[in-house]
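J.: Taken in sequence, the protein lines are chains Y and V. All letters in the first sequence, in the order written, are residues 1 to 350 by this note's numbering. All letters in the second sequence, in the order written, are residues 351 to 529 by this note's numbering.
Worth flagging that the hints you see were computed from the coordinates, not collected in a lab. One should not assume that every hint holds.
Over 10 Å on every C-beta distance to chain Y, these chain V residues come out as not near it, computed from the model [to be verified]: (1) ASP429; (2) LYS445; (3) ASP477; (4) ASP479; (5) SER501; (6) LYS505.
Derived pair list, reagent style BS3-like, types lysine-lysine, alpha-carbon separation capped at 25 Å [to be verified]: (7) Y:LYS97 with V:LYS361; (8) Y:LYS86 with V:LYS440; (9) Y:LYS97 with V:LYS522; (10) V:LYS475 with V:LYS361; (11) V:LYS505 with V:LYS475; (12) Y:LYS97 with V:LYS432; (13) V:LYS361 with V:LYS529; (14) V:LYS440 with V:LYS475; (15) Y:LYS86 with Y:LYS97.
Just so it is clear, CB atoms sit at the ideal spot from N, CA and C, and this is done for glycine as well.
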Amino acid sequence: MSPVEITTSRLNQHVDPVLTVWAWEIPVYLFVGGLIAGMMIIAGLNMLRLAKGERSEDFNSVQSPILGFLLLNIGMVALFLDLSYKLHVYRLFMAFKPLSPMSWGSWILILVYPVLISSSLIRLPQAWPWLGERIPIVQRLSEALTTRTRVIKILGYANVVLGICLGIYTGILLSTMVARPLWNSAILGPLFLVSGLSTAAAAIHLVSSITPGSPSPSGFLGGALAALVQPLGANPPGPGTQNSLVRADQIFLSVELVLIGLLLVGLLSGSASQVAAVDILMSGKYAVLLWAGVIALGILTPLLLQALQLSDRIRHTIIPAILVLAGGLALRWVVVGAGHASRMVAAGGM
Amino acid sequence: MPRFGMVIDTKKCVGCMDCVVACQTENDVPQGFAKDWLVTEVTGTFPDLSMEIRSERCHQCDNPPCVYVCPTGASHIEDWGKTVQITEDKCIGCKACLAACPYGARFTHPDGYADKCTFCIHRVKEDLDPACVSVCPTHCMHFGDLDDAESPVNKLLNSRESHVVLPEAGTKPRVHYLK
Ligand code: SF4
Ligand code: SF4
Numbered sequence: 001m002s003p004v005e006i007t008t009s010r011l012n013q014h015v016d017p018v019l020t021v022w023a024w025e026i027p028v029y030l031f032v033g034g035l036i037a038g039m040m041i042i043a044g045l046n047m048l049r050l051a052k053g054e055r056s057e058d059f060n061s062v063q064s065p066i067l068g069f070l071l072l073n074i075g076m077v078a079l080f081l082d083l084s085y086k087l088h089v090y091r092l093f094m095a096f097k098p099l100s101p102m103s104w105g106s107w108i109l110i111l112v113y114p115v116l117i118s119s120s121l122i123r124l125p126q127a128w129p130w131l132g133e134r135i136p137i138v139q140r141l142s143e144a145l146t147t148r149t150r151v152i153k154i155l156g157y158a159n160v161v162l163g164i165c166l167g168i169y170t171g172i173l174l175s176t177m178v179a180r181p182l183w184n185s186a187i188l189g190p191l192f193l194v195s196g197l198s199t200a201a202a203a204i205h206l207v208s209s210i211t212p213g214s215p216s217p218s219g220f221l222g223g224a225l226a227a228l229v230q231p232l233g234a235n236p237p238g239p240g241t242q243n244s245l246v247r248a249d250q251i252f253l254s255v256e257l258v259l260i261g262l263l264l265v266g267l268l269s270g271s272a273s274q275v276a277a278v279d280i281l282m283s284g285k286y287a288v289l290l291w292a293g294v295i296a297l298g299i300l301t302p303l304l305l306q307a308l309q310l311s312d313r314i315r316h317t318i319i320p321a322i323l324v325l326a327g328g329l330a331l332r333w334v335v336v337g338a339g340h341a342s343r344m345v346a347a348g349g350m
Numbered sequence: 351m352p353r354f355g356m357v358i359d360t361k362k363c364v365g366c367m368d369c370v371v372a373c374q375t376e377n378d379v380p381q382g383f384a385k386d387w388l389v390t391e392v393t394g395t396f397p398d399l400s401m402e403i404r405s406e407r408c409h410q411c412d413n414p415p416c417v418y419v420c421p422t423g424a425s426h427i428e429d430w431g432k433t434v435q436i437t438e439d440k441c442i443g444c445k446a447c448l449a450a451c452p453y454g455a456r457f458t459h460p461d462g463y464a465d466k467c468t469f470c471i472h473r474v475k476e477d478l479d480p481a482c483v484s485v486c487p488t489h490c491m492h493f494g495d496l497d498d499a500e501s502p503v504n505k506l507l508n509s510r511e512s513h514v515v516l517p518e519a520g521t522k523p524r525v526h527y528l529k
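Full structure from sequences and hints, please.
T.: Right under this line is the structure:
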């Protein structure tokens, strides 16, 4: 028998009538985490090429760990702001719980920090000459790194492996929650990873296009900013580098589209609760955000613009990159929000 | 070692909410929150309708997702009684357990930590029933050891048809409702 009516006397804050435990902080963290993960993978792959002796000027991402480090701090602040028992945050690092993806995540983040910092050192004195001159140890560390291919190789692998872990875990974190049918999909991990890669390619493209051709400032503040927004250092990226990033982004976006399709098909062929959860994505505010924001503006439009750019039918602009970044954030927003609203429904009543 | 559970007779429950009030008093539940609550479920097709009133709370699941997702070990299964408890001091307020519980049994206490029904374990340790069980005017709630074949709760379960809430969640809840 199916229920005709269910009424409850409970009205707990942030639990009823629908769960609303995570506000903007968590989608922002998941977005930033994915972005850093993607940048680490791209930078790591280029570090491996660097270690093989390829020309480093062509790699517009080897400097992205500096930006990644800044973003990581933003992500950590967002995570911290979300906690409702903030003073106890240290408790995260007093236990490792193998069944809790949130626990893996906190340890992954701890490992990401030193890898990003060491990777930043490869280019930091070049990108921010002020720092290299004032603090000679930075210069010396950078030299020590760049002259040792073995170290670059290890750093390259560390970036790729940790990037994959960071990118996937953000999805697994949600997918293990049995109570939220919309999240109960193994696709969520790979989807967040690929979306992270697409936003990373877009971000590197965006920052390396901001100040092309102009010599970067080298003072204290100007140099610091330039180090963040000019991943190529003093030289603007060549058109070949730009195109390779755009091409990579096209692959990531296409895979992302397929994964979103698979996620929906998987849910629609899943349990009664999962089928009911898809409804949340078919009408209402999350439907608009998913279909118009994520799919039309965040994936299809950039794919089209990028194709026109690559075939030289329109000029290169930063518009597709901005759209991809906004789409990546919208994806996290939809998945977190709609997942909150999804709940288990009784299959057969009492 | 006991494995505590509850058996609630829905045929006797009149929905008076005494259990809710008793819990709020006993456990100092902050205003605006509830560790136990009543659900009224009407099923069937008119005119063949039937109604069940259930006093619900944390189901003290044998397979508790809230414990698995907890990154700090604040949510844990106690050895004695096998109840799911929260160590306030270890909780960081990440709210993963709130999202993981299919029953919405948890909430964030205004002080910041995750909170929920404890089966009044402080009373049980003193050989008393949980507050909700002890005040029920119709005596429809029974508390006891589900691992003891001779316990009154098991005898009731064996003598009547019963169900649990959302069995499809796979959490193996330990609050049983007699039909
Ligand atoms: S009812 Fe919810 S809070 Fe209680 S043990 Fe089960 S999953 Fe955990
Ligand atoms: S809110 Fe507290 S009890 Fe719940 S999962 Fe987070 S740390 Fe554990």
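J.: Against each hint, give a clear statement of whether it holds in the structure.
T.: Hints, verified against the model:
With a cut of 10 Å on Cβ distances, ASP429 of chain V stays outside the contact zone with chain Y, its closest approach being about 18 Å. Distance to chain Y contradicts LYS445 of chain V as a non-interface residue, since its nearest Cβ pair spans about 4 Å, not more than 10 Å. Its beta-carbon lying about 30 Å from the closest one in chain Y, ASP477 of chain V satisfies the requirement of being farther than 10 Å from that chain. Every C-beta of chain Y lies more than 10 Å from that of ASP479 of chain V, the closest at about 22 Å, which supports listing it as non-interface.
Separation of SER501 of chain V from chain Y is adequate, the least Cβ-Cβ distance of about 25 Å exceeding the 10 Å criterion. Distance check for LYS505 of chain V against chain Y: the nearest CB is about 22 Å away, which clears 10 Å, and the non-interface claim stands. Taken as a hint, the LYS97 of chain Y and LYS361 of chain V pair is broken in the structure, with Cα atoms around 42 Å apart against an allowance of 25 Å. Between LYS86 of chain Y and LYS440 of chain V the CA atoms are separated by roughly 11 Å; this keeps the pair inside 25 Å, and the hint holds.
With a C-alpha separation of about 22 Å, the suggested pairing of LYS97 of chain Y with LYS522 of chain V holds against the 25 Å cut-off. Distance hint between LYS475 of chain V and LYS361 of chain V is unfulfilled; the C-alpha atoms sit about 29 Å from each other, more than 25 Å. For the proposed pair LYS505 of chain V and LYS475 of chain V, the alpha carbon gap of about 23 Å is at most 25 Å, so the pair holds. As the CA atoms of LYS97 of chain Y and LYS432 of chain V are separated by approximately 19 Å, the hinted pair is consistent with the 25 Å bound.
Pair hint LYS361 of chain V plus LYS529 of chain V holds up; C-alpha atoms about 7 Å apart against a cutoff of 25 Å. Simply put, LYS440 of chain V and LYS475 of chain V have alpha-carbon atoms about 22 Å apart, close enough for the 25 Å limit, and the pair holds. Between LYS86 of chain Y and LYS97 of chain Y the alpha-carbon distance is near 20 Å, which keeps this suggested pair within the 25 Å criterion.
In terms of the numbered hints stated before, the structure departs from hints 2, 7, 10, listed from lowest to highest.
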